[in-house]
Amino acid sequence: MEEALTGWAFWLPLIWAVLIALAVFFYVCMDGFDLGIGILFPFMPEKAERDVAVNTVAPVWDGNETWLVLGGGGLLAVFPLAYAVVLPALYMPLILMLLALVFRGVAFEMRFRAENETQQLWWDRAFSWGSMLAAFMQGIALGAFVQGIEVVGRAYAGGWWDWLSPFSVLTGVALMVGYALLGACWLLWKTEGPLHTRAASLAWRFAVATVGAIALVSAIMPFLQPAFAARWLSFPNLLLAAPVPLLVAFLIWRFFHALAEDTGHGGMVDARPFMLALGLFALSYAGLGVSMWPMIVPPAFNIWEAAAPPASQGFLLVGAAVLIPVILAYTGYVYWLFRGKVTHESGYH
Amino acid sequence: MIDALLPSALDLARFQFAFTVVWHFLFPAFTIGLASYLAVLEGLWLWTGKAVYLDTFRYWLKIFAVAFAMGVVSGIVMSYQFGTNWSVLSDKAGAVIGPLMGYEVLTAFFLEAGFLGVMLFGMDRVGKGLHMLATALVATGTFFSAFWILSANSWLHTPAGYALLPDGRFVPEDWWAVIFNPSFPYRLAHTVTGAYLTTALIVGAVGAWHLLRERQGRFARRDAGMESASGARMTASTGTAAAGHGVMSGTVPTEPAPHSAGAERGREASEAGPNPRARLMFSMAMWMLLIVAPIQAVLGDLHGGNTYEHQPAKVAAMEGHFPTERGAPSILFGLPDAEAGETRMQIAIPNLASLYLTHDWNGEVRGLNDIPRDHWPTNIPLVFWAFRVMVGLGLLMITLGVAGGVMRLRGRLYTTPWLLRAAIAMGPAGLFAVTAGWIVTEAGRQPFTIYGMLRTADSASPIALPAVATSLAAFVVVYFVVFGAGIWYLFKLFQQTPRPQEGAPPSGQPIRTAGITPAPSAAPGAAPAIQPAE
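One line per chain: the protein sequences are A and B, in this order. Per the numbering used here, numbering through the first sequence is continuous, rising by one, with the last residue being 349. Per the numbering used here, numbering through the second sequence is continuous, rising by one, with the last residue being 883.
What the hints contain is simulated information worked out from the structure, not anything from laboratory work. Just so you know, not all the hints are guaranteed correct.
Only pairs whose alpha carbons sit at most 25 Å apart, straight line, appear in this in silico DSS-like list of lysine-lysine [to be verified]:
no., chain 1, residue 1, chain 2, residue 2
1, A, 47, A, 341
2, A, 341, B, 477
3, A, 47, B, 399
4, B, 399, B, 477
All figures in this text were calculated on a predicted structure; none of them were measured in a lab.
Please put together the full structure from these sequences, using the hints given.
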């Protein structure tokens, strides 16, 4: 069908596929580290440490989570068929994710409103368990999505437990581990003293676990769908795809190198593990893209089949072209404004 | 027989949407107005330099943070629910309403979320001017959000600017016509004004409560012969709030002199008359009601006229009109009976409905009996009664505003106990009225999702009944627990006496003004800081 597509009908879905993919990636990076902080709560026995950890993300978490709304809302606008098929298919994991986000989102404010230790404890649990469940369900949704969705006509045709499989549980755990790594690296960057030391040791452990998870998922991926195997394991494609795993190996080496540096005194050296961990996420995401391209509802619809008409995609693209750079600029400004180490003494009480 | 009594997956999906959207909208109904109120307070502070504005700003900023967080998380749920539960509607209309919601995210959500952090934590990092800008941008964001989501909602009520493809999908043809569809300007004006009134009623109630409590405390003290020059302010029940406040200042011993606890107390003790912050809240709220509540009545009438033009079945259900008549009565109360096709036991004012719907004493008003039954709203009594709740509360708001105006003229605005009590009682009236209004318009839109074009029964996702039942149960439990707790904390915040230098910024330090004030028990080391001044 691609020969029929020319001009805007060809380019708009392509541009939007890249933009939606970027929005989801920004979400994974940004909410990833603040979800990660919730996942790491059990490793922070001191209330003071948990307060500092939450305060490192308090000014930015809301913006981070907005990328999830852009990913979801954007999909409705520009690929309504994908939105209408994928969301019912992932009904249970998505509802559970949303409920988990309710818990952790309000816990940001509530844990500082708590009037006694029992209330505080429960809001900390809401934050921590909510973060874990949200991460786990996002990973499950991802696993179920790449495994493929049963479609008849223009609608989801599978059952309401189809999302649960050994592979989706694996991706669920993998994403939790990965977010914990991002959270640990963020704390390593943004804190000092004992919390920084703890974050560094957590980063080690979760980096090892993340590398294991990446290896396991990558080994299974090509065998999930014939199209994936053809992409990764047949000859000329292999050469094109090979840089991804090679770069992953390189980044892992650089990451452990950066972790071994003397950190905790500020400066770029503290930020490096976080940046490299984001690099790992970017490459894993790219690997996923290599497998999926150009399907948006695997294996039923590609991005052109699921696209809204050019009148819709074009209308929103005009706004996105102007507004996304503006959003990135002021988001960057807010991060810059709250730069530097967060300590218990200095603040954010 | 049993099967007929059990709800279907469709019923549960509808109830789930209604439940989550009603909960969600309680928060924006409050925060849309509160964001603007905060911008006004901060602007007045910058303009006049008077501390009372900044103090009141800080008081409401904490409350805003909690309410906004609940609005955000409940809103994310809504953005996914179109797909999880209404996938056929999404597939068919996504190309039209999707971009409107996309613009909401791009112009509103990022703006609010990005600058909320600066607004809550950034006062000392950006300075006054940029902080004012951040507050104004958050307020602007709430308005943009209302603009786009109400445009999408209105399009579903009065679709325009589209073409219908053979497979039943709606595609945009004229975006201007889509966005400014016939009911949108009316719905936008009526809803945003409703949100402003909701905020004014809550702010007014909180101000009134503190004025009344302070007054009662003062009388109790005088009766007990305990009146002293400086001791009038602290009743036993305000002690906790005062201690929490002391901790705030106490955590930063290097605070410059004008912000010190001693100076604060000095200023507070020198204040003549009732709490000036509570007076400010109450006064501004009463002005708002006096001016805006009557405007809202006019906007509501215009919105109703627009609805009569485009959705006559809804207006007939609102009015309880079954027969089409000239000189139609306005039915104040009655029992609409859809089976029998009549409204029984009417108490009605003759000709009035003709007057406000057709602007002609004997104008013909279309009743439900002239509309095909499969276009009737599915729950006519609900539409009928919700409308009366909304209008009744609106009339009470106007009355309260007028009463406030009269007492102000007589110089007794802050000292009239019955007025203060009435304002407290009316605190939640805006939330109830807004909810009732949404029930009128949405129950009145049934049995369609896209009015006249796509039936609700043909809009839902192919989700099995047990899945919807499970998710609905989970939403009910989680929302009552989480938002119940959140509202409980909001009430705790309302109870804190608005004091001078509410959450004073320790200069040079990053500050968490909003949510993060450690409770006294959580920071025992700081407690002694409040002692010396006593």
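To see whether the hints hold, each was checked on the structure:
Simply put, residue 47 of chain A and residue 341 of chain A have alpha-carbon atoms about 18 Å apart, close enough for the 25 Å limit, and the pair holds. Annotation: proposed proximity of residue 341 of chain A to residue 477 of chain B holds, straight-line Cα distance about 24 Å (limit 25 Å). About 38 Å separates the Cα atoms of residue 47 of chain A and residue 399 of chain B, which puts this hinted pair outside 25 Å; it is violated. At most 25 Å may separate the alpha-carbon atoms for a hinted pair to count; residue 399 of chain B and residue 477 of chain B meet this at roughly 14 Å.
When the structure is compared with the earlier hints, a violation turns up for hint 3 alone.
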